[in-house]
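Asker: Each chain, letter by letter, is given below.
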Amino acid sequence: MMDFLVLITVSVVIAATPMLFAAVGELVVERSGVLNLGVEGMMLIGAVVGFGVTMTTGSAVLGIASAALAGAALALIFAVLVLTLMANQVATGLALTIFGIGLSALIGAGFVGMPIAALPKLFIPGVSDLPVIGPLLFQYDAMVYLSIALTVAVGWFLKSTHAGMVLRAVGESAESAHSIGHPVIRVRYLATLFGGALAGLGGAFLSLSVTPMWAENMTSGRGWIALALVVFGSWRPGRVLLGAYIFGGVTILQLHAQGSGGLGMGLPSQVFTMLPYLATIAVLTIISAGPWRGRFQAPACLGQPFRPSV
Amino acid sequence: MSLKFEPRREIPAWLVYGTPLLAVALTILSGYFLFMILGLNPGATLYIFLVSPLETQFGLAELAVKAGPLILIATGLAIGFRANVWNIGAEGQLTMGAIFGAGIALAFWGEEGFWILPLMFVAGALGGMMWAAIPAFLKTRFEVSEILTSLMLTYVATLVLSILVHGPWRDPEGFNFPQSRLFTEAAILPVILEGTRLHAGAFVSLFAAVAAWVLLTHTVTGFQVKVVGQAPMAARFAGFSQKGTVWFSLLLAGALAGLAGMIEVAGPIGQLTPQLTPGYGFTAIIVAFLGRLNPLGIILAGLVMAISYIGGENAQVYAQLPQAATGVFQGMLLFYLLASDFLVRYRVRFQSTKARDAKPRPEVAAA
Chain A
0 MMDFLVLITV SVVIAATPML FAAVGELVVE RSGVLNLGVE GMMLIGAVVG
50 FGVTMTTGSA VLGIASAALA GAALALIFAV LVLTLMANQV ATGLALTIFG
100 IGLSALIGAG FVGMPIAALP KLFIPGVSDL PVIGPLLFQY DAMVYLSIAL
150 TVAVGWFLKS THAGMVLRAV GESAESAHSI GHPVIRVRYL ATLFGGALAG
200 LGGAFLSLSV TPMWAENMTS GRGWIALALV VFGSWRPGRV LLGAYIFGGV
250 TILQLHAQGS GGLGMGLPSQ VFTMLPYLAT IAVLTIISAG PWRGRFQAPA
300 CLGQPFRPSV
Chain B
0 MSLKFEPRRE IPAWLVYGTP LLAVALTILS GYFLFMILGL NPGATLYIFL
50 VSPLETQFGL AELAVKAGPL ILIATGLAIG FRANVWNIGA EGQLTMGAIF
100 GAGIALAFWG EEGFWILPLM FVAGALGGMM WAAIPAFLKT RFEVSEILTS
150 LMLTYVATLV LSILVHGPWR DPEGFNFPQS RLFTEAAILP VILEGTRLHA
200 GAFVSLFAAV AAWVLLTHTV TGFQVKVVGQ APMAARFAGF SQKGTVWFSL
250 LLAGALAGLA GMIEVAGPIG QLTPQLTPGY GFTAIIVAFL GRLNPLGIIL
300 AGLVMAISYI GGENAQVYAQ LPQAATGVFQ GMLLFYLLAS DFLVRYRVRF
350 QSTKARDAKP RPEVAAA
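Protein chains in written order, with numbering that gives the first Met the number 0: chain A, 0 to 309; chain B, 0 to 366.
Calculated from the structure, these hints are not laboratory results. Keep in mind that a hint or two might mislead.
Said to hold, decoys possible - Derived CB-CB ranges, DEER-like:
#1 Ser175(A) to Arg346(B): 25 to 31 Å
#2 Pro41(B) to Gly133(A): 52 to 58 Å
#3 Thr55(A) to Pro277(B): 26 to 32 Å
#4 Pro290(A) to Phe174(B): 51 to 57 Å
#5 Pro304(A) to Phe174(B): 36 to 42 Å
#6 Arg235(B) to Gly237(A): 47 to 53 Å
#7 Phe141(B) to Ile147(A): 29 to 35 Å
#8 Gln274(B) to Pro304(A): 20 to 26 Å
#9 Leu266(A) to Phe174(B): 24 to 30 Å
Bear in mind that the values here come from a model prediction, so they are computed numbers and not experimental data. Where a beta carbon is used, it is the ideal one built from N, C-alpha and C, also for glycine.
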């Protein structure tokens, strides 16, 4: 029984990690006042580039780094359009997703069905072989720890550093931040690129670790769920982490329910596949509906264009 | 000398309608380089993509077959986008419309009756409306972002469709393939051009676009939609209902997307299959922007985007390009379109520093 629980927990963490990467990245972007709906597209590019580079060079580190760069490169297109050319953020984000889906499929056409070795699990002698604790905490691959470290770092950055404070100021009131001399556009550029890099990492984790392979559209909505997670986490890294693991849990529940013949209820498997999407809608509604709604405020300038007037 | 961007006081009409052409041209140019990078013969591949669909009567008819649903859906979406209602789940509303329409066709399978098709139209529109009503309700009642809910419901709708064609609605004589029976004649839209798949649904799209144009330009409702989108404060003072506009634009877009789905199953497909569309619901978003959110522009834009679909299919056959290349073109087109909007709103000027000091104007330094 214990073994089974450990196994479940581990699979939940792994299922949650791609969404955690992407959601923490998008959190930073949104805290700076920019809404990038292109997460799905950036994740896919990260997934295909991470897979392709790892396969051709044999180096996972290189693959992961390239995935982050590729995600950031896509985010750069978005940034130029919405920050410099002041295009509509919603429409540009959608364009980024459509473009990312297409481009990743084009790049990945030759990779479909190719095998690749999954990322190696870390093994720390003396800790990883402890019973229960070992497999529960110390037998993941490096990217899982990276995702948690990044979440903590982002939390610290936003809360305790000067730069983090500037970023939040830019998101809450671009006009005021600008008037006291903060470079609004530059901050937003950097935040957007960071968000793209993390979405790329999330995608790479998907194609290198969760299911070590490339398939067209393999994110199947995880980028959109990551966007919902930012709302769910009310723009705070800790809550986003919690949300990502809850959604990881829903994903795993869904897989097990399918495997066990619909929990003995004789329901078609598709009913369970719907769960993460329905859960997203339910969670967004609960967050927006309850008496606590005032405490979950979006950054005041979210989605609004800014152009410094001289 | 420095480069200046000055907001335009008046926007010339030729620029508004000229920039989509510029965007198309830049997309083609980028496609040329993209194909070159991929090691293809760029000229020949572009020819397959853009010209070959227009060479035969069959190709032209296919163009109309594919433009039909795009125009219908984009028309509904454009009205919402004008009101700042971001329904991006048209694909799901289309799927629901197809399911409802197919439900009627299968319920009266084998029966005669002139009323079957009209009933399918009503059912299709209702199905799409019902699906769009969920984000509308959540938005107006709880302020949940319609962007995320409408998109999530797209995945749900696809899975509902999958349950139906794998289960209760599967063709009993279909060798276990996940698809419904072929509809009988009373549930099939008539072909209007012999030897092609061009069917009566094309008229529905044209009619809807023109009707929407009249709505936007000649009615109070249309005015209200525009005011709510462009000046929410003014709309509130004028007593225009924000919530009413959300409901109106989502239900209308849902109904039109539902109709498009029903027309797909009653027209070119003729049965319910698990993969109903090549992403019409998403491409329609681009069509709406390419048509400048103007229903008449959308008719043209729909035809242009239809070329990219057929071109994509041809490129798959003749150049072994994955179908997804179409998405790359579509995404690039939307990028260029959004970027070229900058030229519409701002005038680019070369100006000496002295002149700027002498003549103060509301202008903006180049970043």
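Asker: So, for every hint listed, does it hold in this structure?
Answerer: Do the hints match the structure? See the list:
1. Ser175(A) to Arg346(B): 25 to 31 Å: holds (29 Å)
2. Pro41(B) to Gly133(A): 52 to 58 Å: holds (56 Å)
3. Thr55(A) to Pro277(B): 26 to 32 Å: Check passed, 31 Å falls within 26 to 32 Å.
4. Pro290(A) to Phe174(B): 51 to 57 Å: Since the Cβ atoms of Pro290(A) and Phe174(B) sit about 56 Å apart, the hinted range of 51 to 57 Å holds.
5. Pro304(A) to Phe174(B): 36 to 42 Å: violated (56 Å)
6. Arg235(B) to Gly237(A): 47 to 53 Å: Since the Cβ atoms of Arg235(B) and Gly237(A) sit about 37 Å apart, the hinted range of 47 to 53 Å is violated.
7. Phe141(B) to Ile147(A): 29 to 35 Å: Roughly 32 Å apart at Cβ, these two residues keep to the hinted range, so it holds.
8. Gln274(B) to Pro304(A): 20 to 26 Å: At roughly 38 Å between Cβ atoms, Pro304(A) and Gln274(B) fall outside 20 to 26 Å, so the hint is violated.
9. Leu266(A) to Phe174(B): 24 to 30 Å: holds (25 Å)
Hints 5, 6 and 8, counting from the list given before, are not met by this structure.
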